[in-house]
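Residue numbers (the working numbering), protein chains in the order written: chain A, 547 to 658; chain B, 2 to 116.
Hints were generated in silico from the structure; no laboratory data involved.
Mixed in with the good hints, there may be bad ones.
[Unchecked claim] Restraint ranges, calculated between C-beta atoms of paired labels, are given here:
#1 A/P555 to B/P84: 23 to 31 angstroms
#2 A/K602 to B/P84: 41 to 49 angstroms
#3 B/S73 to A/Q560: 40 to 48 angstroms
#4 B/Q96 to A/P555: 40 to 48 angstroms
[What the hints assert, rightly or not] Here are some, though not all, of the chain A residues that point toward chain B, as calculated from beta-carbon distances under 8 angstroms:
#5 I566
#6 N568
#7 Y571
#8 P590
#9 V616
Beta carbons: idealized from backbone N, C-alpha and C, even for Gly.
If you want the building blocks of each chain, they are given just below.
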Amino acid sequence: GESVGLHLPTLSVQEGDNSIINCAYSNSASDYFIWYKQESGKGPQFIIDIRSNMDKRQGQRVTVLLNKTVKHLSLQIAATQPGDSAVYFCAENPTAGNKLTFGGGTRVLVKP
Amino acid sequence: DTEVTQTPKHLVMGMTNKKSLKCEQHMGHRAMYWYKQKAKKPPELMFVYSYEKLSINESVPSRFSPECPNSSLLNLHLHALQPEDSALYLCASSQDSAGGNSPLHFGNGTRLTVT
C-alpha cells in the first residue's frame, strides 16, 4: 500500500490468523522484487524475494505472489505471531541495475 | 544481529559541524549503498558503490560526500547539513552489483539529528 501523509496503512490481524500485505509497483521494467520487514529502531530485514520469471515463491511461513499483468505483489504470512508486528516494505529492482526502490510500507499489528 | 555494522548509532550535529558515518561489512559483497529514511517513509536511495567505484548518485546535495576506502568499508561525510537532513541513514550491501538480482542486507542505521 502507499503511505498517505504521515500515516502508514495499517493491517490489524489476530494472532494465529493469516496476513496478506499488498503492493502495487510502478516500473514495468522491474524484474526482481523483495519484501522487507522493519522493526522499530532497526534496519530493513530481508524476508523473501522473487524474480519476474516466477509468479509464486514460498519460504518459511511466508509466500510471495507476483502478478506482472497488473504489476501487483503480495506477501502472505501464515499463522501470524506477535513477533511479526512491524512495517513491511516491498521493493523493486529494474533489469540490469542496482537501484532498489521501496514502496510506501504497511504496518502490521498483531493482536494477542 | 545484522552483518552490516553502522557507527555511530545516534549522532547529533550542528549545521556548521563536519561528521562522518561509517559502515562495514565482511560478507565479501561488492556493492554498497547509502539510503536515507524519514519517519514513516520508505528508505530512499542516495548512493551506490560497485567494486569500490561510485556508480549511482541520486542527485544528492554535495553536503553529503560518500567514500569507499575498500570493499568492506563505506563512509558518508557530512558537512553544513540542514535540519531537514535529520533522518535515519541506512547502509546496505549486496553480492551482485551488475545483475541487480541479489538482496540488499541492511545495517540498523545511524539516527542523525541536525540542530
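Hint check results:
1. A/P555 to B/P84: 23 to 31 angstroms: holds (28 angstroms)
2. A/K602 to B/P84: 41 to 49 angstroms: Because 46 angstroms falls inside the window, the suggested range holds.
3. B/S73 to A/Q560: 40 to 48 angstroms: 44 angstroms Cβ-Cβ, so the 40 to 48 angstroms window holds.
4. B/Q96 to A/P555: 40 to 48 angstroms: 32 angstroms Cβ-Cβ, so the 40 to 48 angstroms window is violated.
5. I566: This interface hint is violated because 19 angstroms lies over the 8 angstroms limit.
6. N568: Violated - the Cβ of A/N568 stays beyond 8 angstroms from chain B, reaching only about 15 angstroms at its closest.
7. Y571: violated (12 angstroms)
8. P590: holds (5 angstroms)
9. V616: violated (21 angstroms)
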